[in-house]
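As you go down the protein sequences, you meet chains A and B in turn.
In terms of this note's numbering, the first sequence opens at residue 1 and continues consecutively.
In terms of this note's numbering, the second sequence opens at residue 1 and continues consecutively.
Honestly, the hints are just simulated from the structure, not real lab data.
Everything numeric in this text was worked out from a predicted model, so none of it was measured.
Warning: the hint list may mix true and false statements.
Said to hold, decoys possible - Cross-link-like lysine-lysine pairs, in silico, BS3-like; alpha carbons within 30 angstroms at most: (1) Lys147(B) / Lys16(B); (2) Lys92(B) / Lys76(A); (3) Lys209(A) / Lys84(A); (4) Lys122(B) / Lys181(A); (5) Lys76(A) / Lys6(B); (6) Lys84(A) / Lys147(B); (7) Lys122(B) / Lys204(B); (8) Lys147(B) / Lys181(A); (9) Lys173(A) / Lys6(B); (10) Lys76(A) / Lys16(B); (11) Lys147(B) / Lys76(A); (12) Lys111(B) / Lys84(A); (13) Lys174(A) / Lys246(B); (14) Lys76(A) / Lys105(B); (15) Lys147(B) / Lys226(B).
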Amino acid sequence: MALSGLFLILFLLEHLYTNVTLFFGDGGVEFDETSHSMVRMIIIRIIEIVLFLAILIHVAQAVLLTRENNEARPIKYTLNDGGKTSSWNSRNMGFTGSVIFFFIVVHLYNFFLPYRITGTVGGVGQETISVNVVHALENPVYALLYLISVIFLAFHLRHALASAFHTLGLSNKKYMPILDKVSLGFSILIGVGFGSFPILFYGAKLLHKDLLNWAL
Amino acid sequence: MNLTLKVWRQASANIKGGFVTYPVANISEEMSFLEMFDVLNERLITEGNEPIAFDHDCREGICGMCSMHINGRAHGPQSGTTTCQLHMRHFKDGETITVEPWRAKAFPVIKDLVVNRSAFDKIQAAGGFISVNTGNAKDANSLPIPKDDADASFFAAACIGCGACVAACKNSSAMLFVSAKVSQFALLPQGQVERVDRALNMVKEMDALGFGNCTNTGSCEAECPKEISIENIARLNREYLLATLKK
Chain A
1 MALSGLFLIL FLLEHLYTNV TLFFGDGGVE FDETSHSMVR MIIIRIIEIV
51 LFLAILIHVA QAVLLTRENN EARPIKYTLN DGGKTSSWNS RNMGFTGSVI
101 FFFIVVHLYN FFLPYRITGT VGGVGQETIS VNVVHALENP VYALLYLISV
151 IFLAFHLRHA LASAFHTLGL SNKKYMPILD KVSLGFSILI GVGFGSFPIL
201 FYGAKLLHKD LLNWAL
Chain B
1 MNLTLKVWRQ ASANIKGGFV TYPVANISEE MSFLEMFDVL NERLITEGNE
51 PIAFDHDCRE GICGMCSMHI NGRAHGPQSG TTTCQLHMRH FKDGETITVE
101 PWRAKAFPVI KDLVVNRSAF DKIQAAGGFI SVNTGNAKDA NSLPIPKDDA
151 DASFFAAACI GCGACVAACK NSSAMLFVSA KVSQFALLPQ GQVERVDRAL
201 NMVKEMDALG FGNCTNTGSC EAECPKEISI ENIARLNREY LLATLKK
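The whole structure should be built from the sequences, with the hints applied where relevant.
Here's what the structure looks like:
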């Protein structure tokens, strides 16, 4: 769980960096070029396979461990005040993770599928990837789903980062408060970072602005 | 104080249990939670009814027997406290208090609020010991131990095996207990001989007994009457990882 989770966290950083290029005001050229160059790099193609495996391993382990954990308490408490002793995030990793997984499937269907599998986006004479992203985020349903999923992702990460280090034994009394703050900071970075895309692109649509070609 | 108690009654392990409601009157705020149960049991016996079975021994917070889940919390609402050290002044007059046994597959109910915690003994037997030579005790200063290590080991050794960590954990994980027992020895020179086998065998036994998996929620630390830190869980994970690499 911890190793696959940390790998996925690294991917999130990379994904956030690539997405930020949408804000360069260059009509999405940098974003499109980065996307194209990544497809051409063999190392990225290998990491991409590892990434899919990491998602599947993370989900499979979560399902197996949750089943074991449920079996470990066949008769539940009638009254259980878990909220007094632990955070909501830490107790609901399965729920937040399920929302994130659902979003990943939708997300892949919207972007990975047309660009990499069916080849209906990003080719010669076709809609560019950046325009495809803008169109998707101008859809209120998709923008809202994106935003909600990012919020759940932030809650998930709030517990995940410090927990992963703890599971790997890379934690002690001195580092625990530091890791907790790093977790908080990282979840805010990812939440605000990814959350800005649906808010700004949908907001730009409402204001009739072209965010890809913005200029001061 | 006048209270209403909702207590889990179960005649034996294989008979289905349920809650029974008892009103209790004239309870002093100075009483411990167990003394309040004594008063109720005296009355039940006088009335010719079966008293409520509950575990207790030292009644001074060090034996770890009084396993009660009170109002949704292991050992009640006060942190760092066993049930015998929980006083009635922490409850309100007229309050309804729900009392259940520890709920875990590895801790089956024997009767009413008494659970079988011999699973902890089995984990201990799997590796919670050290090899010592018989004969005279060694001179105290012949084994130099850094003060910080001695303190950390002592804090881990404060575990009384009460099972509140398992009871409080949403996964019924015994990681805090096992980590305390492993840490206690791993930090001292005397514990080095069995260090690798201890980590592997105690974790293996814990898993075999049907405890759940740790997801680092921290509930165990919050409910531990001896306030044992989850830092020990990180140490156990480290010990286990290194032991796996060595064996």
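Going through the hints against the structure:
1. Lys147(B) / Lys16(B): 51 angstroms, violated
2. Lys92(B) / Lys76(A): Distance ~26 angstroms between Lys92(B) and Lys76(A) Cα, so the pair holds.
3. Lys209(A) / Lys84(A): 47 angstroms, violated
4. Lys122(B) / Lys181(A): 38 angstroms, violated
5. Lys76(A) / Lys6(B): 16 angstroms, holds
6. Lys84(A) / Lys147(B): Violated, at about 34 angstroms.
7. Lys122(B) / Lys204(B): 11 angstroms, holds
8. Lys147(B) / Lys181(A): 29 angstroms, holds
9. Lys173(A) / Lys6(B): Between Lys173(A) and Lys6(B) the Cα gap is close to 39 angstroms, so the pair fails against 30 angstroms, i.e. violated.
10. Lys76(A) / Lys16(B): OK: Lys76(A) and Lys16(B) at ~14 angstroms, within 30 angstroms.
11. Lys147(B) / Lys76(A): Not satisfied, since the Cα-Cα distance of roughly 43 angstroms exceeds 30 angstroms.
12. Lys111(B) / Lys84(A): With a Cα-Cα distance of about 28 angstroms, the restraint between Lys111(B) and Lys84(A) holds, given a limit of 30 angstroms.
13. Lys174(A) / Lys246(B): 27 angstroms, holds
14. Lys76(A) / Lys105(B): 10 angstroms, holds
15. Lys147(B) / Lys226(B): 20 angstroms, holds
This entry does not satisfy hints 1, 3, 4, 6, 9, 11, going by the numbered hints stated previously.
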